[in-house]
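This is what each chain is made of:
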Amino acid sequence: MSLFEINQLSVSFRQYDRGLRRRTITPVRAMDLTVDTGELVALVGESGAGKTLLGEAALGMLPANGVDAGEIRFRGEVLTRARRRELAGHEMVMLPQSVTYLDPTATVGAQVRRAFRLAGRPAGRDDVRRALVARDLPDDVTRRFPHELSGGMARRVLLTMALAGRPALVFADEPTPGLDAEAVRAIFAELRAIADSGCAVVAVSHDLSEVIGVADRVVVCQSGRTVETATPDDFRNHTLTHPYSRALWAALPAHGFAAEEEP
Amino acid sequence: MTLDQLAPPATATATLHAEGISFRHRRRAPWVLREVSLQVRNDEVVGLRGPSGIGKSTVARVLAGLSLPQRGTVRIGGGRDTTRRSHPVQLVMQHAVLAMNPRWRIRDVLAEPLSDLDRASVIDGLVEPEWLDRYPHEVSGGQLQRVNLARALLADPEFLVADEITASLDAITQARIWTDLLVRTRAGAIGVLVISHDDALLGRLCDRVLDLRDLIG
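Here the protein sequences come in this chain order: D and E. Residues in the first sequence are numbered consecutively from 1, following the working numbering. Residues in the second sequence are numbered consecutively from 1, following the working numbering.
Derived by calculation from the structure, the hints in this document are not laboratory data. Just so you know, these numbers come straight off a predicted model, no measurement behind them. Incorrect hints may have been included.
Stated by the list, open to error - Examples of chain D residues toward chain E, derived with CB under 10 angstroms:
| # | residue |
| --- | --- |
| 1 | S47 |
| 2 | L62 |
| 3 | E148 |
| 4 | L149 |
| 5 | A181 |
| 6 | V184 |
| 7 | L252 |
Glycine included, C-beta positions come from ideal geometry on N, C-alpha and C.
Generate the whole structure from the sequences, applying the supplied hints.
Following this line, the structure appears as structure tokens:
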């Protein structure tokens, strides 16, 4: 039994078109993912394939018109939607994709203090400043507003907030876009260290060439389905089995920059 | 078509100059940019790299007129008319969804720079007709970035600043979007400044690559 298992997850949305005509769209059709304590599993693949929705479903964060089916287990327990909401923010946390998850009207210090308070950690000014400085943020960061942060700094602020409650599962949704190569490596090394310290980490990423350097396994998805679970060596040694996984690797700028999928 | 097969660029007819620009968010705040100078010709694709937090996105905002520098100037040498309606430097950013009114359909988003979409051959092959009646959150991230780029092209720019436009997209979508975009900018003599942390990507796309650390006066 793994710490966290997703079996045949699907997510649908009910929408009203013009008037009362109802339509249902199903962006996530069949996704499987398993991660254990100490592991870092990368979730890669097509934009819009449902990677973010998988995380939102797992943490009970789907919008009100979203319906999910399939099974989500945490420590062996099948999680109802209500139970996911209870665990979210404590045992299971989301490191959100967009830096716009920061409140533009509050200082970094105030926001991190609130996160620490909610997590039941000492939340004094010095506790917060020390935690931020420990992530290589400048000393004056607590007084800054989000628009005064670079992309890399904002990521590290979000990471500090997400980890405040010492969670068992971290779902990192695109932790690196917009960061320079050094910062990308630093964030991935940080996620690896978080896994090694006894967390289960799922990292959604498009930075395939970097994430395989730290991942134990790579789950590839396309059009709402997980099509392959590979090892980093499968990418390096060209032993991938699914055509989409091979096309994804070939399209990297460092490889072929090939715009077409294999037939 | 691949990028290597694109027609060789036309001779430059306009150059975007940034001269000694300095910017900070408020008085007495630390300078984000100090005396940065650069030039981009309208027949070239130029990369801009540099570590996180060095001010690349601020350069983009200043070039596109969204932030006013406290010192220095941005001007276009040569160029077309001066009575145009939209800014000659259009900025496209990483998060397309934040650049659009969530209550507008794609059709209305695209109609903002040019109300007569039927005339807009520039967006053929960039935006699919069936997206037009959807809202921004009802298309994928890659599709929405195509809409974002189409909107910028409809404003008939002389220069396009692309700030990490494919950083949130998968590699296949990234390769397709850049191919579709550069075909149009080369054909339309639109100069492109590509901001990215991905050196391999800059190597694929750009005629030359600048490091912001080398541009400080």
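Q: Could you check if D:S47 really has its C-beta closer than 10 angstroms to a C-beta on chain E?
A: holds (4 angstroms)
Q.
So, as I understand it, the hint says D:E148 touches chain E; can you test that by seeing if any CB pair is closer than 10 angstroms?
A. Holds - the Cβ of D:E148 comes within 10 angstroms of chain E, reaching about 6 angstroms at its closest.
Q. Is the interface hint for D:L62 satisfied, with its Cβ closer than 10 angstroms to some Cβ of chain E?
A. violated (13 angstroms)
(Q) Does the closest beta carbon of chain E sit nearer than 10 angstroms to the beta carbon of D:A181? (A) holds (6 angstroms)
**Q.** chain E contact restraint for D:L149 - C-beta distance below 10 angstroms
**A.** Since chain E brings a Cβ to about 8 angstroms from D:L149, closer than 10 angstroms, the hint holds.
Q. Minimum Cβ distance from D:V184 to chain E below 10 angstroms?
A. holds (7 angstroms)
Q. Quick one, is the D:L252 hint okay against chain E at 10 angstroms, beta carbons?
A. holds (5 angstroms)
The structure is inconsistent with hint 2 alone, although it conforms to all the rest.
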